[in-house]
Amino acid sequence: MLSLRRRLWQAAAASLSRRCLSVRIINERNIELQPAAAAAAEERLIFPGVWLRDNCQCAKCFHANSQSRQHDWDKFDTQVRPLQLQLNAEQQQLQVRWSDEHESSYGLSWLRERSFEPQAQREYLQRDYRPAMRLWAGAQFEQVAQRFDYARVMSEDAALQQWLQALAVYGVALLHGAPLDAGVVRRLAERVGFIRRTSYGEEFVVQAKPGAQNYAYLSTPLPLHTDLPYYEYKPSVNILHCVVQTASSGGSNLLVDAFHIAERLRQEQREHFERLCSIAVNWNDIGSEAGQQFHNIWRQPVICRDADGAYTRINHSVPQRDSHFTVPLEQVQPWYESYAKFVRLARQDAHSFKLQPGDVLSFNNLRLLHGRTGYDDTEQNSRYIVGAYMDWDIIYSRLRVLKRQQ
Amino acid sequence: MQFPEIWLRDNCQCKSCYLPQTRSRLPHGWHTKVQVRELSWCVDTQRLHIDWSDEHQSSFELSWLQARDFAPANRKRYLSDCYRPEPRHWSRQQYPQIQREFVYEELLQSDEALLQWLQQLAVYGLAMIRQAPLELNVLQTLCQRVGFMRRTTYGHEWHVSAQPGASNYAYLAQPLPLHTDMPYFEYKPSITLLHTLQQSDSPGGWNLLTDAFHVADLLRAEHPKAFQMLSETPVDWADIGSEKGLSFHNIWRAPVINLDVHGRYLRINHSVPQRDSHFSIPAEQVRPWYEAMALFVRLANEQACTFKTTPGDILTFDNLRLVHGRTGYDDTDRNVRHIVGAFLDWDIAYSRWRVLKQSLGYNN
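As you go down the protein sequences, you meet chains A and B in turn. All residue numbers for the first sequence refer to the UniProt record's numbering, where the first residue is 1 and numbers rise by one. All residue numbers for the second sequence refer to the UniProt record's numbering, where the first residue is 1 and numbers rise by one.
Here chain A stands alone, though its shape is the one from the complex (with noise of 0.2 Å):
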């Protein structure tokens, strides 16, 4: 897809020194690029004078070594206009004469990919910085949920890159054939990055302990949630290898994209989802691992989105859910309805399967719910799955890395 976008460019670059191509100054400050005189509006491309000052690409403006912006912006005038103008089609360069003196010099592909056109951006944005998620219903779980051999991501770029793709836009992808010992988490978290540390260490086992202090560490059935609500920096994607999974008929997996319930909830019952996206939750949790104790406490809304309305994260965990509860009074009983309406429809839509040893599931923990079954846990009736977390910083550096290595 990357490359194709490429060549088209390059081709449209070619093209662009055998046509007329041509550059002015408009409104004073602005310069525009357009690539005939003939040529259809929307061809044209128009560049803000000050952005193109601010990212002059001469050594003593910009640091190639580093990629970084150098000149001094405690001196940068945001009233610098352009001057002259001067098009290279031979080296296919921009020439910029400012009224602060200085000259700079633009490649027009540099320039293409930068385009302010909102089509442009939004293709920028989706290839480069986020791919742009889908949402599921339960019922499409099959369709959605891709399945990639384990040996295949470990030797191959191009599996690693469809794996970590198809977690970004559906929040799931499992593996499977991966060796039962319990280094998988660690060799696939470092594949990509590196592990996630939190309060629970790096790597957990998710088995039956009587007395654990934890309560997804018991055999009864663990109700949908997402992971670690209590941290402003949440952990981003739960990987969970199964390495013995019990012959009782419990121990299924439930997962749900509680990005599509809380769409719903806003298209059916807007008054509700309102409720969630605003009230602020106390999620917690008190206990010590290894000698060392700690306390979690975040604040938070159940469903969390961005100054454009997009969805950013779903907090919700019976458990964690701390019974300080920091609203106003007559805030409780509407929240407390419209949180029950959230869980049901969850729950209702959440689909359950069954992880065989070998096994990786691989999710989004700020999306996504997940619970489990109960299970009989008996000697010869065990569970045992080893975690850990990754996050989406490192990921999508990571998948933004395999794309531009095509």
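Derived from the structure by calculation, the hints contain no laboratory data. In this text the structure is predicted, and so the values were computed from the model without any measurement. Note that the Cβ used here is the ideal one computed from N, Cα and C, for glycine as well. Be aware that one or more of the hints could be misleading.
[As the list claims (entries may be wrong)] In the SDA-like style, the derived pairs of lysine to any residue whose C-alpha atoms are separated by at most 25 Å in a straight line are:
1) Lys-75/A / Ser-231/B
2) Lys-15/B / Asn-238/A
3) Lys-403/A / Lys-357/B
4) Lys-244/B / Ala-64/A
5) Lys-403/A / Gly-155/B
6) Lys-60/A / Gly-155/B
7) Lys-75/A / His-278/B
8) Lys-33/B / Val-318/A
9) Lys-357/B / Arg-75/B
[To be verified] Residues from chain A shown here face chain B by an in silico Cβ test under 10 Å; the list is partial:
10) Gln-162
11) Tyr-230
12) Gln-292
13) Gln-300
14) Gln-405
Assemble the complex: chain A is given as a structure, and chain B must be docked to it using the hints.
Structure of chain B alone, referenced to chain A:
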């Protein structure tokens, strides 16, 4: 004291509703329409007993209820005492009053000193630690005293000294303008720790630090349009490079001033070298944004406090809130500067702060 019925039912402390060993609410089957059938107060045990319409019975201790009272004053007290202390913003003139120094060895030995340091960082975002040994493992020891270091693409600890041909701008001897570290991460490291091992004898190498929340306050009060521009325009922050053979390409899109739904400051992003040339906003917003940014930078420079660390100092500050920089220095064989850096996360630091407050009896 006031309590909503449904909240009391949800937080029933009986064995079938609550598991003390994990301090967790258990999965329940009650309905949101549940009501109190009968209330009684037992004077001897100081407990509230409730008979519910779903045949369930609950009992609550007085002190447990007092701590969770929904009255506004109690909610306010809980948030500042137990959740996070209220930050206090400061100007350059106020710097001498708010700055505090701690002794490294005392932080290791005394829980009280450790708590005071974390409190200072939480409230003012800046604290200086003195008399640390000139050893490489100092930050490791200090971070373990709190919890654990935050790892990034650059590893656990990093070294700031002039490196010719460096792939990161901070590793050069030129002046380093005010910035926050790693704005290109969604999960930006919270607290920066800088341990000075060697300091340049040249006149340069001074630290610059500004409370950017104070700068945001100034903009909000005096230049509301610039404030709006900087708090609503997403900027592409980026870092492309490699460390120890592993390539990375980090991008995070967010405004310079980040607000929560209530308009409170969450985070400041600013770094001239790490602001991407890709700027994914409508062209007509570009110039007004640049003008607002130039104003922010001018105010941040005006509000910067300056000092020069000496070997054995550990400078610690809130990287979500403060912008920091350094004046240039002459780097020669005989005139070197060597700083070790590391990060901590607020999740881990606040957890430690709460545990310490509890164990030292501050919340009783």
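We went through each hint and held it up to the structure:
1. Using a Cα cut-off of 25 Å, the hinted pair Lys-75/A and Ser-231/B holds, with the two alpha carbons roughly 23 Å apart.
2. Between the alpha carbons of Lys-15/B and Asn-238/A the distance comes to roughly 31 Å, so the proposed pair goes past 25 Å and is violated.
3. Between Lys-403/A and Lys-357/B the alpha-carbon distance is near 48 Å, which puts this suggested pair outside the 25 Å criterion.
4. Simply put, Lys-244/B and Ala-64/A have alpha-carbon atoms about 19 Å apart, close enough for the 25 Å limit, and the pair holds.
5. Between the alpha carbons of Lys-403/A and Gly-155/B the distance comes to roughly 23 Å, so the proposed pair stays at or under 25 Å and holds.
6. Restraint check: the Cα-Cα separation between Lys-60/A and Gly-155/B comes to about 30 Å, which exceeds 25 Å; the hinted pair is violated.
7. The straight-line distance between the Cα atoms of Lys-75/A and His-278/B is roughly 22 Å, inside the 25 Å bound, and the hint therefore holds.
8. Under the criterion of a C-alpha separation no larger than 25 Å, the hint pairing Lys-33/B with Val-318/A is consistent with the structure, at around 18 Å.
9. Simply put, Lys-357/B and Arg-75/B have alpha-carbon atoms about 18 Å apart, close enough for the 25 Å limit, and the pair holds.
10. For Gln-162/A, the interface hint is violated, the least distance from its beta-carbon to any beta-carbon of chain B being 18 Å, above 10 Å.
11. With a cut of 10 Å, the hint placing Tyr-230/A at the interface with chain B holds, because the nearest CB-to-CB distance is about 8 Å.
12. Contact between Gln-292/A and chain B, as hinted, is supported at the beta carbon level, the nearest pair being about 7 Å apart and thus within 10 Å.
13. For Gln-300/A, the suggested interface contact is upheld, since its CB lies about 9 Å from the closest CB of chain B, less than 10 Å.
14. For Gln-405/A, the shortest C-beta to C-beta distance to chain B is roughly 9 Å, which falls under 10 Å, so the interface hint holds.
In this structure, the hints that do not hold are numbers 2, 3, 6, 10, in rising order.
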